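Chemist: Protein sequences appear in the order of chains A and B. For the first sequence, my numbering begins at 40 and goes up steadily by one. For the second sequence, my numbering begins at 247 and goes up steadily by one.
Careful: at least some of the hints might be erroneous.
The list that follows gives simulated cross-link-like pairs (lysine-lysine, DSS-like), each with its CA atoms no further than 25 Å apart [said to hold, decoys possible]:
#	chain 1	residue 1	chain 2	residue 2
1	A	Lys206	B	Lys424
2	B	Lys435	A	Lys102
3	A	Lys146	A	Lys102
If you're looking for bench data, these hints aren't it; they were derived computationally from the structure. No experiment lies behind these values; they were computed from the predicted model shown.
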Amino acid sequence: MLGPVEKVIKKVRSGETVLVEYEPTGHPERVFKEVFNALRGRGVPILIVDIYDTLHLFLQRLKFQGEPVDVGSAYIVCEKSNEPYGISLGEVPPGEDFEYHSIMYSKTVKHFFTGREGTKGVVVLGLEKFIFPFQRDRVKLERYFEITERPLISPSGKITFLFLNRKAVSEYALRSFEESKHYVLGVSGEGVDILKEPPEGLI
Amino acid sequence: MKLVEFLGSVQPGEVVLIEYTTLSPASVALLSTVEAFGGECTIVSVADMAAAFVSSLKSARFDMGKFDRAGLIKIGGRVEWKYPMVHLPMTSNPTVALEKIRGMIQETAVVIGLERFLMVQGNVERAALSVIEFLSGDIGGRRRWVILVNSDVAPRGFLALLEDVATRVLLLNGARAKVLRSISGEDGKRIRV
């Protein structure tokens, strides 16, 4: 029987987004490992957006648990991260000028997306740290969702996994993240649940 | 298993978070940490929180002998209970203060009152991220960090970020602690204080 993560990985299609929201006392690093290995196994090129060294945290925890993951083949965009992993595409500082951030991000990842056929995988780690400084400002938060977050749902040749520490964000931010995602996985303790998926066959 | 044994198994490169409530015997967590490393550790005390814990331990007539060997770094505070290696102002820039502290710690540090250091910063969220960035950098390195945080006082978001960084998270409740998460497969285990 397939576990929840395997089920979603099997079903998710190009252009769709998966939110992995986790309790900080859970084991999101294990879900990351499953996602990364599954994408790599399918021959999907992987881009990791690493915010505030979250990749380093996950990799070190996996190493401590005797389950290391080699991300040497992944392309990495650093957003305020200091530990070097994978193939670096460059740095994009996180900030509250979302238009500027979008432009700089697009420039930095252009090399990964152009001239490459087929579906690509994007894994974003540390999303809560990006919005942490401004999440109490509703106006800024809404601009963030408008400019940076919701455009992910526009058609594209990629599958996106977003990892979010749900206890570090406000209820409003959490529900806003959940609303626009095709799938939502909840990670708590040693368990994972599918909290949301497309309503196929519902009617 | 006792807390002293649990802490003694912490490896270099780990960050252990011990959450306590205001009415729990958190001072015993400090004592257990100092004893687990034979006093070979540095106590980082914000706003005299260590002094408050030491006073509580003395009232309970615990043997404080190993505290003589521990180093002390103070951030803020006025109570003199031990000669500090350095005494930084409470309003220090977090990044500057933490880098200074990192350079002075050889192997093991136990930090008390971090949540209070955050409260006096102009931008609490940015200060919180500075702390997280600092601790993340030491994961997998040569130092051990034991962070004692009052979960009744710490901002919820900061606590969540700390829980995420930590390799092990304990919740202290009365005379028992529960392992909320561990990289050593101890999730859900109950530890005697």
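Chemist: All hints are to be evaluated individually against the structure, with a verdict given for each.
Modeler: Status of the hints after comparison with the structure:
| no. | hint | verdict |
| --- | --- | --- |
| 1 | A/Lys206 with B/Lys424 | holds (19 Å) |
| 2 | B/Lys435 with A/Lys102 | holds (21 Å) |
| 3 | A/Lys146 with A/Lys102 | violated (33 Å) |
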